[in-house]
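Trainee: Using the sequences and the hints, build the whole thing.
For the sequence shown, the tail end lands on 427 under our numbering, and the numbers increase by one without skipping.
Since the hints were made in silico from the structure, they are not lab data. One or more of the hints may lead you astray.
[As the list claims (entries may be wrong)] Ranges between beta-carbon positions, derived for each pair:
id	residue 1	residue 2	range
1	K335	V181	47 to 55 Å
2	A228	Q355	22 to 30 Å
3	L245	E172	18 to 26 Å
4	Q197	E348	19 to 27 Å
5	V389	S421	34 to 42 Å
6	A307	V226	21 to 29 Å
7	S421	E151	17 to 25 Å
8	V420	D106	36 to 44 Å
9	S423	E172	53 to 61 Å
10	P417	P117	18 to 26 Å
11	T218	P322	49 to 57 Å
12	D250	K412	51 to 59 Å
[Stated by the list, open to error] In silico lysine-lysine, PhoX-like type, Cα no more than 25 Å apart, as pairs:
id	residue 1	residue 2
13	K418	K335
14	K400	K271
15	K271	K188
16	K288	K262
17	K188	K262
18	K175	K188
19	K188	K169
20	K175	K288
21	K169	K242
22	K400	K412
23	K224	K188
24	K242	K271
25	K418	K407
26	K175	K262
27	K229	K188
28	K288	K271
29	K175	K242
30	K265	K242
31	K224	K169
32	K418	K400
33	K229	K169
34	K265	K229
These figures come from a predicted structure and were not determined experimentally. Just so you know, even glycine gets a beta-carbon here, dropped at the ideal spot from N, CA and C.
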Amino acid sequence: MKKFLSLVLVIVLALGLFAACGSSNNNTATTTTTTTTTNTNTSTNTNTNTAPASTTPARDDVIIATANEPPTLAPHLHSAVAGGYMNILTHNTLLRSNIDTLDPEPQLIESWEVLDDHTWQFKLREGVKFHNGHVLNAEDVKASMEFAREQVSFTASYSQFWDSIEVIDDLTFNVVTKEVYAKTLIDMSSHYALPKELLDSGHDFNADPVGTGPYKFVKWTLGDKVEFEAFEDYYEGAPAIKHLTYRIIPEGSSRTIALEAGEIDFIVEVDNNDLPRLDSDDGITVINKTGTSFNFLVLNNERPPFDNQDFRHAINCAVNKDSLVAVALNGAGTGNYTQTPIVFPGHASEIPDKYDVELAKQYLEKSGVDPKTVSFSCVCS
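Mentor: In structure tokens:
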């Protein structure tokens with residue numbers, strides 16, 4: 047196969063082990079959610095590339111390689127990054143994160159205003175169609191948000207802030223929060239819209255993921271690929287790429303070889319060992335951009351000795367994150383001493399914790415914990 051266009055999507059991980067002081071332990075859900083957002087943004091960027099040579103027949107297909115198979119294509123029923131890749135093709139969220147600032151911006155919701163300390167009013171875009179021809183309305187949004195709240199997945203964690211949802215008319219609804227809540231718009235950016243009539247009927251969104259997104263599901267060949275086709279009635283216009291396929295290639299070097307052979311056009315999760323070789327290939331473009339994904343050590347703050355804040359600080363200061371990035375990721379990342387990705391709004395860059403063995407010893411002494419009595423196991427995933 048002649049190589050038409052070879053691009054590598056590089057998600058740079060901010061590697062962080064952190065002390066999550068004070069609050070309850072919900073890091074897994076938060077972490078999973080931000081990963082889905084990261085890949086949404088970068089994948090959208092790379093799809094704008096076009097054919098470089100007029101002598102090459104125009105292509106209307108793109109093949110992307112990813113490491114993992116999604117557990118399901120139903121957007122509310124998983125917390126997996128691989129599933130998120132597929133969901134952003136078939137579905138839209140109510141709001142979306144700006145690609146540069148990560149601030150919430152309109153998507154299915156066109157505008158909003160704050161009526162009082164607890165009430166937000168949202169206006170939907172008019173004429174947005176689902177893949178089955180149904181036109182999006184406020185009842186669909188209400189049903190989708192209520193459905194998300196009942197699920198055991200990341201969407202449930204973004205559904206706890208509201209007390210009630212009030213439908214005003216076909217395109218208008220109010221969200222009444224339990225308390226004054228600064229993250230309302232951010233949490234709304236994690237909610238997908240599904241047709242109420244399908245939710246009420248018990249529709250299988252894994253077998254048939256009906257959404258409002260730019261692509262419709264075609265076929266899932268387990269262990270091999272997931273295929274999509276352009277949705278011609280998409281509210282922002284039909285995609286120029288008519289056929290999009292995700293190839294499931296678990297082994298990193300195999301993804302790289304497939305790219306070099308021209309069998310695929312993009313790689314997600316590039317093997318760090320292959321980056322220098324790919325970067326030196328004139329026929330391949332490596333997109334290296336700081337992302338919102340990060341690796342971390344989850345501590346159960348309710349169990350000793352991790353219920354001791356000073357002990358958690360001691361762990362945080364005792365680990366050299368930059369060395370881990372250099373060795374484990376070949377330098378493709380940034381050490382992070384907080385639980386917030388570096389590019390997130392509100393990230394605290396000036397914090398007392400840093401890699402400092404003497405500071406770690408001070409925290410340990412202050413904690414009163416005898417390190418000889420401490421042992422624990424880590425589950426890596």
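Trainee: All the hints need checking, so say for each whether the structure fits it.
Mentor: Tested hints:
1. K335 <-> V181: 47 to 55 Å: Because 36 Å falls outside the window, the suggested range is violated.
2. A228 <-> Q355: 22 to 30 Å: holds, 24 Å
3. L245 <-> E172: 18 to 26 Å: About 22 Å separates the Cβ atoms of L245 and E172, which means 18 to 26 Å holds.
4. Q197 <-> E348: 19 to 27 Å: holds, 24 Å
5. V389 <-> S421: 34 to 42 Å: holds, 35 Å
6. A307 <-> V226: 21 to 29 Å: Distance hint for A307, V226 is violated at roughly 56 Å.
7. S421 <-> E151: 17 to 25 Å: 47 Å Cβ-Cβ, so the 17 to 25 Å window is violated.
8. V420 <-> D106: 36 to 44 Å: About 59 Å separates the Cβ atoms of V420 and D106, which means 36 to 44 Å is violated.
9. S423 <-> E172: 53 to 61 Å: holds, 54 Å
10. P417 <-> P117: 18 to 26 Å: This hint is violated: roughly 39 Å between Cβ atoms.
11. T218 <-> P322: 49 to 57 Å: holds, 54 Å
12. D250 <-> K412: 51 to 59 Å: holds, 55 Å
13. K418 <-> K335: violated, 42 Å
14. K400 <-> K271: violated, 43 Å
15. K271 <-> K188: Given pair K271, K188 is violated - Cα atoms ~33 Å apart, limit 25 Å.
16. K288 <-> K262: Holds - the C-alpha atoms of K262 and K288 are around 10 Å apart, at most 25 Å.
17. K188 <-> K262: holds, 23 Å
18. K175 <-> K188: Given that 25 Å is the threshold and the Cα spacing comes to 17 Å, the pair holds.
19. K188 <-> K169: holds, 13 Å
20. K175 <-> K288: It holds: about 18 Å lies between the C-alpha atoms, which stays within 25 Å.
21. K169 <-> K242: Judged against 25 Å, a Cα distance of about 18 Å means the pair holds.
22. K400 <-> K412: Holds, because 17 Å separates the two Cα atoms, which is no more than 25 Å.
23. K224 <-> K188: holds, 16 Å
24. K242 <-> K271: Roughly 29 Å between the alpha carbons, so the hint for K242 and K271 is violated.
25. K418 <-> K407: Given that 25 Å is the threshold and the Cα spacing comes to 14 Å, the pair holds.
26. K175 <-> K262: Between K175 and K262 the Cα gap is close to 12 Å, so the pair holds against 25 Å.
27. K229 <-> K188: holds, 19 Å
28. K288 <-> K271: holds, 16 Å
29. K175 <-> K242: holds, 13 Å
30. K265 <-> K242: holds, 24 Å
31. K224 <-> K169: Status holds; Cα separation ~21 Å.
32. K418 <-> K400: holds, 23 Å
33. K229 <-> K169: Given pair K229, K169 holds - Cα atoms ~18 Å apart, limit 25 Å.
34. K265 <-> K229: Cα-Cα ~37 Å, so violated.
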